[in-house]
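Keeping the supplied structure of chain U fixed, place chains P and H upon it in accordance with the hints.
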Amino acid sequence: MNHPAPTSAKALDAANAILSIRGVHLAFASRDMQGAVRHAHVLNGVDLDVGLGRIVGLIGETGAGKSMTATATIGLLPPSAEVTGKILFEGVDLLSLQGAALDKVRGARIGFIAQNPRAALEPVTRVGDQLVRLIRAHSSLDAKAARARAIEILEAVGIPDPQARYRAYPHELSGGMAQRVVIAMALVNQPQLVIADEPTTGLDVTVQAQVLDLLQQLVRAQGAAALIITHDLGIVAQYCDDMAIMFAGRVVERGPVAQVFADPQHPYTRRLIAASRARIGSALTSMKSDPPDLFRQTKACVYADRCELAAAVCQTAPVEKPCTPAAPAHRVQCHLAQIP
Amino acid sequence: MLVRAAPWINVLRDFPSIAIGLAIVLGYAALALLAPWIAPMDPIRVHADAVLAPPSARFLLGTDGNGMDLFSRIIYGSRYAFGIAVPAVLLSIVIGLPVGLWAGYRGGWVDEILLRSMDLLRVFPSIILALTIVAATGQSIINVILVIGLLDAPIFARMVRAEILALRGGILIESARAIGNGTGRMLFVHVLPNSISGALTQISVRMAWAIRVSATLAFVGIGIQQPTPEWGAMIRQGAEYMVTGEWWVALFPGLALVTLVFGLNLLADGIQDWMGRRRTQR
Amino acid sequence: MTAMTPPESALLHLDNVTRSFDVGGKRPLVAVRNVSLQIRPGEVVGLVGESGSGKSTIGRMAIALLPPTGGRVTFDGSDLATMAPADLRRLRQRMQIIFQDPWGALNPRHTIGRLMEEPLLLHTTLTAAQRRKEVITIAQRMQLGLSLLDRYPAQLSGGQLQRVCIGRALATKPDLLVLDEPTSSLDVSVRAGILQLLDTLRRETGVAMLFISHDLETIHALCDRVVVLYLGCEVESGPVDAVFKNPAHPYTQALLSAQLSADPTVKTRRQQLQGEIPSPLAAPSGCPFSTRCPIHEARCDSGLPPLRADVSGVHMARCLRLAPDQFPLATEHA
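Taken in sequence, the protein lines are chains U, P and H. Following this note's numbering, the numbering of the first sequence begins with 531 at its first residue and continues without gaps. Following this note's numbering, the numbering of the second sequence begins with 0 at its first residue and continues without gaps. Following this note's numbering, the numbering of the third sequence begins with 7 at its first residue and continues without gaps.
Because the hints were derived from the structure by calculation, they are not lab data. Treat the hints loosely; a few may be bogus.
What follows is a list of derived Cβ distance ranges for each label pair [what the hints assert, rightly or not]:
id : chain 1 : residue 1 : chain 2 : residue 2 : range
1  : U       : Leu-606   : H       : Ser-190   : 20 to 30 Å
2  : P       : Asp-272   : U       : Ala-570   : 21 to 31 Å
3  : P       : Leu-149   : H       : Ser-190   : 32 to 42 Å
4  : H       : Arg-115   : P       : Asp-272   : 19 to 29 Å
5  : P       : Met-274   : U       : Leu-606   : 20 to 30 Å
6  : P       : Thr-182   : U       : Thr-592   : 35 to 45 Å
7  : H       : Gln-136   : P       : Arg-167   : 28 to 38 Å
8  : P       : Arg-167   : U       : Thr-592   : 23 to 33 Å
So the derived list for chain H, only partly shown, Cβ under 7 Å to chain P, looks like this [stated by the list, open to error]:
id : residue
9  : Asp-93
10 : Arg-98
11 : Ile-103
12 : Ala-111
13 : Asn-113
14 : Arg-115
15 : Gly-119
16 : Leu-128
Just so you know, even glycine gets a beta-carbon here, dropped at the ideal spot from N, CA and C.
Next comes chain U alone, as it looks inside the complex:
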């Protein structure tokens, strides 16, 4: 069932990337217990590339900043967000776009699949009408042609009896069906990039596999790239070409899936992979798990407090730029990584 990627792993840099996130910092202001204003640093310099036609898995624990990265890319940050950096999509900095220019990109060039399908769908509008609205917003099709296209895409995502389901309201659909509709909406305008935020949360295990197979198949068929945000290493291992691991608002390691799994360089990545395979009773299962303090901004390594290998240099010196190992696409932010 695995559809291989069209492009190779070598070319994972800004030139061949459809999405290039560079040095993105994101902070939110809030008030603490004493009333002083503090900033939660949600993203601390995110560097990430999505290659043409590649499926990238973005993995990390809750609070690592994966969803925020997606939200920043789509331009759905709340007004109180303070964001700096660049998000280059097809050469244009998305962070500098506003209003109509941003609307042209969203929904047409970038498709977004939200975590909670029912939350993404409008509860009082029929599913088919929502699709048609999306189609007509980004094309010049008339009502009849748009409707035909909508039914076509509903069929493509595996919804039985699409003519009838066209007229359904979101609450009449099961979780799996609703998620398929959301996938249809994300893909109907043939985007070049699909961002899926935890697309299978809340779905049954057997339905999960169906939805992921579908997503992979459709993305490959369109030659699009995808960014799948998840906390499940299994999804990354089985469906993604490249992966990026986030911790405390930074991408600590990234590279082709096969390579990262075979030879993880960052201590956090090693922990994650080991924990996913550990049997109960092994020492690896008891890893320190306090969430990182997002109010403390550090130029040094964000993982130093939890790292068992942490040396003095990790706490004080700024993290080096990503190492360039023999495999140029595999990068890690770690002072102690042994890269040949």
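Just chains P and H now, with coordinates in the frame of chain U:
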């Protein structure tokens, strides 16, 4: 966590409606409490030489048709405002909370009766209902308090009931039962504290309403009458004199009434916003 | 020859239990259908299923949060449905539950210390000072910092809160612990720690567990036996190794093949199932899996297939297509 237990200063700074509303309400409450010491004159003393006198140095807000000092009467009027609103709202809570608790937790006939009485109250405009009942049962302060208290009780009951129904949708009650709580302890320790926040925000609103209703009753001639220094009764008298040009007799009691009601409503709004923020930060 | 253990040695016995709900329509919603389950002292039994399987309902019936509409639930020999309320309340110190959502289960207005003290307050005669001491001991065992005892649930992380719930549940040293998806709403990095804790506690205290989950790997790691549920029916059960290595029922096989391995070199051959789980309101009258089963035949629709056991007597499945030489034994359940 960010603003789990906000110090008072922050709450007042973030929500000016609470600050202003509270200032107004506490100001009037102070007037009510300290009336005998603040008011320059006896509110029901007749100054036969200064009937319908305009505002002056002697009578700061003028005098009314009976020659009584308006300023002192307005200060004492706040006693009647609070004196009716506070017991009435307390009565509503004492009746409404247990009924709402039972209706939400047990359902059954109590719930049915509560819902039907809510429907009934929605059919009749509450002010007309209050007017009719007070007119029928006798025009005394006690009756006014009783009527307002009873008419408002279902509102508190409904708020508590709604929050309990929401609780029942979650697992708190199941969890408390699984640990070994009996029904009584469950209700007082777990259910009640987690379902009264809505009702609490209503207190300010209902007080505002109680004050308006009692003023309306007095204005219409039912309830409190002259020479009692109640704002509604004062406006009633003042209305006659608007035409002949003695504007102060009606205006100042009217302003006092409007300001206090405004303050209470502002406070209620602010508390609601504050509760909303606390809820989303959990 | 029947393949059931004698009920006398069981701590918890669900005997042919059914639970239906009246949802106002023409048909009631049958959440659990003729399920029998036993747990011996110290045993860990896993309950596996997806949505609509009835596993949460069974968990609640096991500790008398919900009465069955058919069949009996007995705990240590006593029928839970016929007990006096006061006796049932006292019995609760011997059977506890951990819920999936730790925030929802704890009163947000109480401090952690007060929450952990509550079962001791309800069921023991310890003084306040003794309770406090006991709470400290429990907190240490749960690897919770003592400074957390004065905080409120909103200030703790999911993993910490779940440890609070576990500590609370074990405070009265129960004989049975029901765990309803205890790690599903927790971060992946935290799950392993919680499961490790549960395993350690199980070995130290000998508490029996009913572990409800949809995660097969966890079940495999922690449980002695497993029961696989689909639309309220038991479709397969047995020792966990037997069921996972040689799944007999097509649903179990599909479930196992849908697991995504966190190893990119292992490509799971997926058994594609058609369609989705039907709503429990529209459950098929015959075999519940008939709408999606890849080896479905006409006779599968004629009634609930009987439960058949293999030669060991403990690995059972409900399927008309089971090979008779591998599953020769009838059981006492139709």
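Against chain P, with CB atoms and a cut of 7 Å, does the hint on Ile-103 (chain H) hold up? Check passed: Cβ of Ile-103 (chain H) comes within 5 Å of chain P, closer than 7 Å.
Could you check the hint for me, namely that Arg-167 (chain P) and Thr-592 (chain U) are 23 to 33 Å apart, CB to CB? holds, 28 Å
Take the shortest C-beta to C-beta distance between Arg-115 (chain H) and chain P; is it under 7 Å? Since chain P brings a Cβ to about 5 Å from Arg-115 (chain H), closer than 7 Å, the hint holds.
Report holds or violated for the interface hint on Leu-128 (chain H), using the least CB-CB distance to chain P and a cut-off of 7 Å. Holds. Min distance 4 Å.
Go ahead and decide if the range 35 to 45 Å is satisfied by the Cβ distance of Thr-182 (chain P) to Thr-592 (chain U). Holds: the Cβ-Cβ distance is about 37 Å, inside 35 to 45 Å.
Interface hint compliance - Gly-119 (chain H) to chain P, C-beta minimum distance less than 7 Å: Status violated, d = 15 Å.
Using the C-beta atoms of Leu-149 (chain P) and Ser-190 (chain H), is the stated range 32 to 42 Å upheld? violated, 49 Å
At a threshold of 7 Å, is the proposed contact between Arg-98 (chain H) and chain P supported by beta-carbon distances? holds, 4 Å
Take a look at whether the Cβ-Cβ distance between Leu-606 (chain U) and Ser-190 (chain H) falls inside 20 to 30 Å. Check passed, 27 Å falls within 20 to 30 Å.
Is 20 to 30 Å respected by the C-beta to C-beta distance linking Met-274 (chain P) and Leu-606 (chain U)? Roughly 27 Å apart at Cβ, these two residues keep to the hinted range, so it holds.
Lying within 21 to 31 Å: is that true of the beta-carbon distance Asp-272 (chain P) to Ala-570 (chain U)? holds, 22 Å
Does the Cβ-Cβ separation between Gln-136 (chain H) and Arg-167 (chain P) fall within 28 to 38 Å? The hinted range 28 to 38 Å holds for Gln-136 (chain H) and Arg-167 (chain P), with Cβ atoms some 34 Å apart.
Checked against the numbered hints above, the structure violates hints 3, 9, 15; every other hint is satisfied.
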